[in-house]
Structure formats: C-alpha cells, structure tokens
Amino acid sequence: MGGARRPPRRLVGNWVGVVPFFVFAGLFLIGPTLILAYRSLEGADGSLTLDNYRAITSPLVIQAYGASIRLSLVTALIGGLVGFGLAWAISMGGLGKSIRSGTSTFSGVASNFAGVPLAAAFIFTLGRIGAITSLFEFLGVDLYATGFSLYSFWGLTIVYLYFQIPLMVLVILPALDGLKRDWREAAENLGATTGQYWRHIAFPVLLPSVLGTMILLFGNAFGAHATAYALTGGSIPLATLLIGQQISGDVLNNPGLGYAIAMGMVFIMAGSILIYSLLQRRSERWLR
Amino acid sequence: MSGGFLSLEGVRKEFNGAVAVDTFNLDVAPGEFVSFLGPSGCGKTTTLRMVAGFEQPSSGKISLAGEDVTYTKPNERNIGMVFQSYALFPNMTVGDNIGFGLKVRKEESAARKERVAELLELIHLPDKGSSYPYELSGGQQQRVALARALAIRPQLLLLDEPLSALDAKIRDELRNEIRRIQRQLNITTIYVTHDQEEALALSDRIVVMSKGKMEQVGEPFEIYNNPATGFVASFVGQLNRLPATVVDGAGGRLEVGGTAVRTTSTVETAPGAQVSLMLRPEELTLDESEENVIHGTVESVTFLGSIVRVQIAVNGGRLTADLFNERLLKLPVAGDPISVSFPAHACWVMV
Amino acid sequence: MVAVTISTAPIQAAAEAPAPVELQKKNRLGAWIVFGLVAIYFLLPLAATFWWSLRALKDQYTLEAYRRLFADSNFLPAFTQSLVNAAVAILLSLLIIMPTAYWVTLRMPRLRPVIEFITLLPFVIPGVVLVFGLIRLYSRPPLVLTHTYDSSRILLVCAYAALSFPYMYRAVDNGLRAMDVRSLTEAAQSLGASWPTILRRVIFPNLRVALLSGALLTFAIVIGELTIALFLAQKTFGPYMAELTRSKVYEPSAMAIVAFAITWAAMGMIALITRPRKEK
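Protein chains in written order, with our numbering: chain A, 1 to 288; chain B, 1 to 351; chain C, 1 to 280.
Wrong hints could be hidden among the right ones.
DSS-like mimics (lysine-lysine), calculated; alpha carbons at most 25 Å apart, straight line [claimed, not checked]: (1) B/K128 x A/K180; (2) A/K180 x B/K73; (3) B/K103 x A/K180; (4) B/K73 x C/K26; (5) A/K97 x C/K58; (6) A/K180 x C/K26.
Everything labelled a hint here was simulated from the structure, so no lab data went into it. Here the structure is a predicted model, which means the values were calculated and not measured.
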C-alpha cells in the first residue's frame, strides 16, 4: 500500500519493537560468532594474522575434517535418494492419506530424535550385544568379526541416516506436491510414457529442489555433534568432536587454530545454506 | 488436417455410486466445433476427460475415426488437449514445449524445428520460440498450449475451459483466434465451458448439460430460441418467467396476472392448469404496439452502455426488458406506470 | 543439528492423478515396496530398544527398566531442570519474536530480509561452535556468565531461545499472514480499539495455533539437547541421558523409549492443532 511516507520524527518509534530482537541476537548469536572470528585472526603475539588458518593443514585437523566431509557427503547422498523415494511413495504412490500424514509426523519426530536417545537406540540394535547383532549370531553370522562396527564410519552413517532421510522427506514433499497434475496429463496427451514424462519434465523440474535439499542434508550432518558424541564419546575423528575437545582443553596446542577450525565450520555451513537458498528460489519459480 | 468422426454411445461415469455422467450420446462430424456447456459439476469436464482417456467410462463406447478407443491409453489416442491452467512445461522453452509431442514421436530434429516455426506463425508469436513460459502473459501461454496440442497433427482437439483464467479483453481476442485456427485447420473440436456467450459465439453445435445429463443438443440459435427444458431456457441467456393459468390450451390462450395473453406455443393441459410463461428481455417493447400488452410499474432502470435494462413490477411477478441504447432515448423513471408488449411468437409456455 | 518443523501449512491433498488402471497398480506396488523397506529401517531400532527395555530381569518381560529409570535419583531433577529451561526459553522466545514479527509485518517491512537472515543463523552456527563462542565471550569481563552454575544456566536458556528463533519466527509469521493482520488491525482501529486491546483481543487469539506449534517445536529441541548443556556443565536431561548410557545397561533403553514417546507427543500435538479446521 503506497502513499505518503510517515514524517521522520517517528523513526525512533518504528525501531522500538524490533530492538529486543536485535539485542538478543547480537548477544547470543552474532556476538559469540564474532568473538571466534576475531580470535581466529589473532596470532600468538596478539597481532592480526592468517596463520591460524594456514595451520589447518595439520594432520589432526585434516583427518577430522576429511572424515566429517566424507560422512556428510555419503549421508547426504544416500539420505537424499532414499528420502526422495519415500517422499515419492507417500505422495504419488497411491498409499493413502493416512500413510502420508503418519509418515510426515514420524519424519518430524525422527529428525528431532537425534542425539543421545538415537545413539542409545542403535547401540541396542547394532551394538555388540544389540538385538540385530544377536539375531545375526543366532543365524550363525558374527557381525563384528566381519569388520563391521557401529562405532566406525559406516556405523555412524547408518545412524545419521535416521535423521537425514526424514529431513529430506519433509523438505521435498512440498516440491513433489508442486508438480502439477496437468503437466503429467499434458505430457501423456502428447504421447509421452510415464518414463518420458519423468525424464523430460518431472526430474528436471525437481532437480534444483533435490540438489538443494541434499546440500542442506550435507550441512546438517556436518554440524551434528550430539549423536556422534553419544555414540563414540569422541573416539572417532570428526570436525565437531574436535571442536568439542578443543573447548574442554587445548588439544591442538594452538588456541588460535581452534578458533580457525570453528570458523571454518561456519564458512562451510554458510556456504551450504547459501547454495540451498539459491536453488530453492530457482525451483520456486517453476513450482509456484 | 482432416478430423476424425467422433462418436460417444451410452457413455456413463460413476464415482463411488454417484453418477457424474449419465448416458451421453453424441456424434460429431469431421471438422465440427461442439461445445459442452453447463454449470460446475454438470459432468462436462468428466466427459471430455473420458474422450481424452484420463477417465475410463463405467459403461458405453467411444469411437474415433471408426476405431474403438474407449480403453485406449491417453498417450496412444492422437488427441490434442488444451488445459485451463495452460500446463506448459516450465523447464522448457516455448519452442521445446511445442515440439515435445514430436520429440516423443521421435521425429527428426530438422522436421521438428520446421513444424514448430510453422505453429509459432499460426499463433502469431514467431519470435517467442526461445522464451520460457514464465516470461509470457496468460494469453500468450494459452496460445502456446494450443500450438503444442496442434503440433502432433491430432485427429481431435479438446479444450477444457481454456479461457477461464484470462482477463475479459484477452478472452475475447483469444476466442476469435481459436475459432479462426480451428476453421483454418478444419479440425474436429470439443470445447468445454460454463460461459454461454463463448459457447454461442464459437460453436457449430452446443450440448447443454446439467447434473450429468444432456439437456439439449443443437445449434446456438436453436438452443437460445427454442430451449427444450426450463434449465436450458434459464441457463442460456436472460429469461423472464411469469406464472400463468391456462385458458385455452390448443389456442395458446393464457391468463397472466389478470391479463389475457396469446402465445403461438400450444399446451396440452386442461384449462385452469398452472404453467409458466417464458419471455426473453430483448423481445419486449415498452409501449402497446404488439399483440400482448401487460401493464406494470417501473422498478429500476440500469444503463449498461449499449443496453438499457428496465425492471418492471407486474401483476404476478417481475419483468426485465432490454432495450438498445439510442442517443435520443428518454429513459423510463422508477415509479412510473408503464406498458410492456410482445408478439405472440415471442413467448412460450413451460409446464 | 537442524531440528525440523513439520510444515505448519495443512497437508495439501496430493491431487490423485488418474493414471490408467494397470499403471496405477504397478506404481502402487513399487510404492509399497519402498515404503516397506524404509519402514523396516526406521522401526527396527525402536522395536529392538523396546524389546531390550523389557528384559531388565532375566528371562521375563517386565517394566523393571522403566521403574529403575524413574526411581533413579538423578532422573527427576535433570528432567525437571530441562522442563523449566524449556518453559523459560519458550517464553523468552515468544516475548521477543511476537512483537518483532508483528512490527516487521506492519511497520517496517523493509527489515524483513534482515530479520529472516538472522533467524537463519542457528542453521549456520552449529551448536558446538555456538557454545564455544558463548564460553569465550562470557568468561571474561565485562559480562561474566560462566563462573557459576546459575549464571551458566541463564546463558543456556538464552542460547536455547536464540536457537528457537527460526521456528518461532516462521510459525508466527505464517500465522500473521494467514490472518491478514494488516486488515484486521485497521478494522479494529476504525472501530475504536486501542493497541493493547488489539493485541489482546484480535492478534493473540488468532495466533494461538501458531504460537503453540512454535512452542512445541522448541520444547522438542530443548528437552534432550546435549551439546550446549554439556559444555556449560549443566545437569539437564541431555547430559543425564549421556551419563546413563555410559553407566547403566538396561535403563538407557527405557530412557530412549521415553524420549521417543515425549518427542512423538510433541510432534503429534503439532500435527493435531495445525490440521485444517472445518470452518474457515
């Protein structure tokens, strides 16, 4: 609604309502981040330097970051594909409304279930004396002798998927709903088979959304701490666990490095959120 | 482009026990433009979708060019369809959209390009080939949708309320475009709409539908001037309806609110029976020049531009009269007494 | 760790595409297979944990593990602390977000992108990094909050409130949009209502569902949160659960089931209250 602008003397009044928000965000979100950024640029003698960032190439850090990136990529890929398949099944597979809403609610639960309870549940399932491990034993297979361990990279992947898949489902469902029925009918009418419809229309239209959400999943796994901590107690090298250890005591023998890797994590997360929003905007244009 | 000969025999559709379309029978000649006209929920879209193959009839038969296509899959029927929401594929350019049907049929890329250019010319959008749908206006998108449906050289063209989503002015333009193209290509066409003006202006024949049933099939002039049922009479065009008592059925004499009226439509019922007298507003004159004269009082006068609409209270009801505007017209004033007259052939009786 | 909302919009019925009958059947079979396999993956851990939670006493099925859990002297204090933390965080978040969302919608729409960016920060700053920064920022003068248990607790609750901003803001913003707050406010003003009255009688009642959703979501996030509580040395439910997992054998399974039930209750309530109403 256009119209005459209010005279400037109300400017102060206009800001009053949002000041608490900015103050709070400044104190508890922006402030902590800024102090880490500042300290990460602080050299041993107090001067401004990028040395801390250069020190990131130390083997301990590379190992932790590498493992985190690998874990996040794998869970994003698998979680994305499986999540997409599940979302397709409940929205277009003809399974009924109650299955869809039930799965939707369960997805909300599962994605919030992460942390200690999730880790505990999997210990009771696939841990050394877990129910499934015992089941395998009963069938004559010693799961842990084959090299499998819940407390390894692949074990962690299996656990992470428990909240990655639901996240994918929840975010991609609206995109699937956005596929207009008319498009499928128009395609059919023009002679396309279901396969051709998916290949030429549905997949291309969904691609930005799917990619963007997979990147969201990547960020989600990358920043996860509680589940890994509860499961491994910090014994597996992961970026978040490393930062956690740095908080409790200077395990890197270089406080500045600790800040640098924390900021490194922020940069990676920020990058992933940025790419995600760009892709979202592109897909919204098509799926409006 | 020769059209197919389309035939629907006893086509019926039920959803969970409710009848959506009841015994639909229609033969469409090649090159004919037929409209399905009716209010929402009358079954017109369902019937169209059965012809397209998106719904399967519960019983009955649909044949196209002599072939039974009742259970053929929609992607094997070679029918072109235009949707109300345009349904253009958002990830493809206009050119790719139009050429999609040909691509699916594995036509060569050169032949495809030629055909796409041909169609862009036909719809008067020759330089929009590499634009994307979201860059086009509603009217342009619908034209592209039409081109896309025609690209595959279909035997039959189906349009599902294609103009409903457009502004009034664009609607008029596009309406004429559609008819022009249809005539030029001589393609058999089924057009679904709830807008009676559209149906009247475009069609060779109209099927008026209500609650799943065919009320009347005929040419626009017939439908308007000789409506078969009360529904058709009131749905198509404005209608005046006055309660009347039969005086002499065979001679068409009635008594309407105390006045004697003669009509050329005869009635089989006995004297004293209660019937309705139907009149079109444009056939009433505001003087006593015609055979039947009814007196009343002016209720309101609405100036609509080319038409002046006068509402008159008469004994037993209300009449709406439409007059053409004239520069020197003296508009009636509310509250004045007035006479309304009409010839005997301008009214008819409904029991 | 991104905690996710169920979209607060009612679930749109996916249009039933009337594909020819045989294709529909093939589709449906494939869908059931996919659904079935994934369902197995998700239900197996729950079933296994539940099974374990009934086996506290040898060779019989009892609820002994649950009894021990609730009888644990550390359980109730930790759970209560978390409950109180959640309540305060929710209140704080509401008190800050509601006026902010209202203000931005009505008075300063230009600020919207800035506000939305800030509410995205919790997704960009992982919990472990946030607590790192909080500790470094508040362990030295001028503002020292990390030296006592209670002051750290304040820090914790404030951090939780900040982490709930994305969900609270989105819920309130959606709610305001759904009720067309501008028109309602103008209508109320033209009828002579004052600002407090407008807030109380017009805005708040229409926002109840949105506020409740935001609150329930925040609750689900806070109740079992581990990372920040751990590093701030708080004895809340999250660290308690972690300790339990390390020290006891059977109780953790009961604990996991209880935690799941609580989360399910919260999410289920959200789904219930955001269901499309019959009257519109």
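Check each numbered hint from earlier against the structure, then list the numbers of those it violates in ascending order. When the structure is compared with the hints, only number 5 turns out to be violated.
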